[in-house]
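Take a look at the letters that make up each chain.
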Amino acid sequence: MSISVGDAISSFKIPILMGVMVIFGFGIGYLINYTFFSDRSPVQPINFSHKIHVTDNNIQCMHCHAYVDKTPSAGVPSVKKCMGCHKAIATDKPEIIKLTEYWDKQEPIPWIKVHDVPDFVYFTHKRHIKAGIECQTCHGPIETMARVTRVSSLKMPWCVDCHTEKQVENGRDCVTCHK
Amino acid sequence: MAKITDKIKEYTRPGYYEKFDYHWTMSIDLDRCTGCGACVVACQAENNLPIVGEKRFKERREMKWLRIERYWEGEYPNLKLKFLPMLCQQCDQAPCETPCPVAATYHNQDGLNTQIYNRCIGTRTCAVYCPYEVRYFNWFTYTWDEPLEQQLNPDVTVREKGVMEKCTFCVQRIRMAKDKAKDDNRRRVKDGEVTPACVQSCASEAMQFGDLNDPNSKVSKMTKNKRAYHVLEELNTKPSVVYLQKVEKHD
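Those protein sequences? They're chains R and F, same order as listed. Using the working numbering, the letters of the first sequence map in sequence onto residues 1 to 179. Using the working numbering, the letters of the second sequence map in sequence onto residues 1 to 251.
Pulled out of the complex, with its shape left as it was, chain R reads as follows (with noise of 0.2 Å):
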């Protein structure tokens, strides 16, 4: 005597279709979540490039992130230093149209975080730029990007790991990271 699973099962037809289509239904779910609406990637105020800044016009990261091996954060440049070259350069486009109105209010551009370590976490840029560090080994070939998009986890071990790795003094010590 032998049970066929196809019988045992089709009498559980329309439940099982739900179930399939339900996980279906996530897993695009989540691949529109993660392409369209990650904090990994998130659409910004101006569509700024570093595509077109970095690689195609040869600006050097610290022309704009000017603080990089000097302090802890690297800043993100003021709507003054956009407005140095934005004055004269491709002035007619909507996007530095959109870039004038901000220097006419005197306002700041609200630029998204991409990355951010939570506020209980000490990281400096200065250490690891003066180390050696390339940008893009923590933050991956943002020359390329159009839009920025974070590579690295910045989770814990991720940080430990690296500093295993490079045997940093005292980089597994608690304190280091955690104020």
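Just so you know, these hints were derived from the structure itself, not from any lab. In this text, a Cβ means the ideal position worked out from N, Cα and C, and glycines have one as well. Any given hint might turn out to be false.
Listed below are the simulated DSS-like cross-link pairs for lysine-lysine, each with C-alpha atoms no more than 30 Å apart in a straight line [as the list claims (entries may be wrong)]:
(1) F:218 <-> F:249
(2) R:166 <-> F:80
(3) R:130 <-> F:161
(4) R:70 <-> F:180
(5) R:113 <-> F:161
(6) R:166 <-> F:9
(7) F:180 <-> R:81
Under 10 Å between C-beta atoms, here's a sample of chain R residues computed to sit facing chain F [stated by the list, open to error]:
(8) 81
(9) 110
(10) 121
(11) 126
(12) 152
(13) 155
(14) 170
(15) 174
(16) 175
(17) 178
From chain F, some residues computed to sit far from chain R (all C-beta separations above 10 Å) [claimed, not checked]:
(18) 37
(19) 41
(20) 56
(21) 62
(22) 99
(23) 182
(24) 234
For chain R, the structure is supplied; the task is to place chain F on it using the hints.
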């Protein structure tokens, strides 16, 4: 297994603590202390401590990493008042460190008794074990009213309900001093480069702070003073805070 036994051997070796990178130590000269309370206020401002208010204070929920204890001696006409600033003693053999079930408090290589707030689950065991009563528990989440939140120190976490906290010897200032030393290509911080908020604010310079492993630092010299003692020395907690006895006239 061999690794663990090696570790145990290392940690129980006599003089292990002398091998610390630094041994941050504070000396408090009670003869100079006037009990003015400037250190208490400085600590409150530096470390984002909340003002708990009268009601909470009466319920003994006050938050003060540094408090000035008063000791009255004698009867009315011959009354004497003595002050004792009491803060975390950063004990080398700290009773508070061993009982923590999640190891949120531990001893680091600089001789600091540290507290990792986000690791803490709030069992309050450490506070029970502390003989100096200097650990404070956040019974509530305190908020700062409108303009006051602007004065919060960004280098110190704002703690929430359910977390134990205590004096850190202003670890954020130690961190900054080390950072500066690295910029100047020095391996060690110079004496006098680190001043915790309380030490900085002490008008009569009763407090000194520095590295005990450096024999020429100000604190090292203070600890060799004849008047130097530890509070509750008999408990063998080996505190890193050294008090210098008050000089008294004996008839």
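Results for each hint:
1. Note on residue 218 (chain F) and residue 249 (chain F): the hinted pairing holds, with a Cα-Cα distance of about 27 Å set against a maximum of 30 Å.
2. Note on residue 166 (chain R) and residue 80 (chain F): the hinted pairing is violated, with a Cα-Cα distance of about 59 Å set against a maximum of 30 Å.
3. Annotation: proposed proximity of residue 130 (chain R) to residue 161 (chain F) is violated, straight-line Cα distance about 38 Å (limit 30 Å).
4. Of the supplied pair hints, the one linking residue 70 (chain R) and residue 180 (chain F) holds, its CA atoms being roughly 11 Å apart against a limit of 30 Å.
5. Pair hint residue 113 (chain R) plus residue 161 (chain F) holds up; C-alpha atoms about 27 Å apart against a cutoff of 30 Å.
6. For the hint pairing residue 166 (chain R) with residue 9 (chain F), the CA-to-CA distance comes to about 27 Å; that is within 30 Å, so the pair holds.
7. Simply put, residue 180 (chain F) and residue 81 (chain R) have alpha-carbon atoms about 29 Å apart, close enough for the 30 Å limit, and the pair holds.
8. The criterion of a C-beta within 10 Å of any C-beta in chain F is not met by residue 81 (chain R), whose closest approach is roughly 24 Å, and the hint is violated.
9. At its closest, the beta carbon of residue 110 (chain R) sits 20 Å from a beta carbon of chain F; the interface hint therefore is violated under the 10 Å criterion.
10. The interface hint given for residue 121 (chain R) holds, since its Cβ lies 9 Å from the closest Cβ of chain F, which is under the 10 Å cut-off.
11. Taken as an interface hint, residue 126 (chain R) checks out: its beta carbon lies about 7 Å from the nearest beta carbon of chain F, inside 10 Å.
12. A least Cβ separation of about 20 Å between residue 152 (chain R) and chain F goes past the 10 Å threshold, and the interface hint is therefore violated.
13. At a threshold of 10 Å, the smallest CB-CB gap from residue 155 (chain R) to chain F is about 13 Å, leaving the interface hint violated.
14. Interface restraint check for residue 170 (chain R): the shortest CB-CB distance to chain F comes to about 6 Å, inside 10 Å, so the restraint holds.
15. The closest approach between the C-beta of residue 174 (chain R) and any C-beta of chain F is roughly 5 Å, which is under the 10 Å cut-off, so the hint is satisfied.
16. Interface hint at residue 175 (chain R): satisfied, since its Cβ lies 5 Å from the closest Cβ of chain F, which is below the 10 Å cut-off.
17. Given the 10 Å rule on beta carbons, the hint for residue 178 (chain R) holds: about 5 Å separates it from the nearest Cβ of chain F.
18. At the 10 Å boundary, the C-beta of residue 37 (chain F) stays outside the reach of chain R, the nearest C-beta of that chain being 26 Å off.
19. Distance check for residue 41 (chain F) against chain R: the nearest CB is about 22 Å away, which clears 10 Å, and the non-interface claim stands.
20. Residue 56 (chain F), annotated as away from the interface, keeps every beta carbon of chain R farther than 10 Å; the closest lies near 24 Å.
21. The non-interface label for residue 62 (chain F) is consistent with chain R: the shortest C-beta to C-beta separation is roughly 23 Å, beyond 10 Å.
22. Non-interface status of residue 99 (chain F) relative to chain R is upheld: no Cβ of that chain comes within 10 Å, the nearest being about 18 Å off.
23. Residue-level check failed: residue 182 (chain F) sits 7 Å from the nearest beta carbon of chain R, not beyond 10 Å.
24. Distance check on residue 234 (chain F): its Cβ is at least 30 Å (rounded) from any Cβ of chain R, clearing the 10 Å threshold; non-interface status holds.
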